[in-house]
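Please work from the sequences and hints to get the whole structure.
Under the numbering used here, the sequence shown has 62 at position 62, and the numbering climbs by one with no breaks.
Since the hints were made in silico from the structure, they are not lab data.
One thing to keep in mind: the hints can contain errors.
Claimed, not checked - Lysine to aspartate or glutamate pairs mimicking EDC-like chemistry, simulated, CA-CA at most 20 angstroms apart:
#1 K12 - E26
#2 K84 - E26
#3 K12 - E68
#4 K84 - D23
#5 K12 - E78
#6 K12 - E34
#7 K12 - D75
#8 K60 - E16
#9 K60 - E34
#10 K59 - E34
#11 K60 - E13
#12 K86 - D23
#13 K12 - D23
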Amino acid sequence: MPETKSLTFTYKEVVEALIRYNDLHEGLWGLSIEFGLAAANVAPEPGGDLLPTAIIPVKKIGLTRSNELNNLTVDAAEVNPAPKAKKK
1 MPETKSLTFT YKEVVEALIR YNDLHEGLWG LSIEFGLAAA NVAPEPGGDL
51 LPTAIIPVKK IGLTRSNELN NLTVDAAEVN PAPKAKKK
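Here's what the structure looks like:
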């Protein structure tokens with residue numbers, strides 16, 4: 001089998017993984033992304049003309065509590081149910 005060089009995920013898969021990683025068991029959680037903004041003069045090709053360019057880096061990726069289910073949100077109770085209490 002060839003070596004995997006790249007893995008991609010849907011927004012919901014990222015949210016599900018973050019919910020499990022943070023051990024969240026309730027509520028609707030959505031993907032949040034914090035962007036930065038910078039500018040520079042950049043030549044797209046070596047020796048080419050400089051062009052004013054916007055640089056928009058992804059600074060942080062996280063979860064935000066949500067009130068509605070949509071294509072960016074996941075119900076934590078469904079993807080990471082709370083453990084059941086042990087009976088004595």
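Hint check results:
| no. | hint | result |
| --- | --- | --- |
| 1 | K12 - E26 | 16 angstroms, holds |
| 2 | K84 - E26 | 14 angstroms, holds |
| 3 | K12 - E68 | 14 angstroms, holds |
| 4 | K84 - D23 | 14 angstroms, holds |
| 5 | K12 - E78 | 13 angstroms, holds |
| 6 | K12 - E34 | 17 angstroms, holds |
| 7 | K12 - D75 | 10 angstroms, holds |
| 8 | K60 - E16 | 17 angstroms, holds |
| 9 | K60 - E34 | 5 angstroms, holds |
| 10 | K59 - E34 | 5 angstroms, holds |
| 11 | K60 - E13 | 17 angstroms, holds |
| 12 | K86 - D23 | 19 angstroms, holds |
| 13 | K12 - D23 | 16 angstroms, holds |
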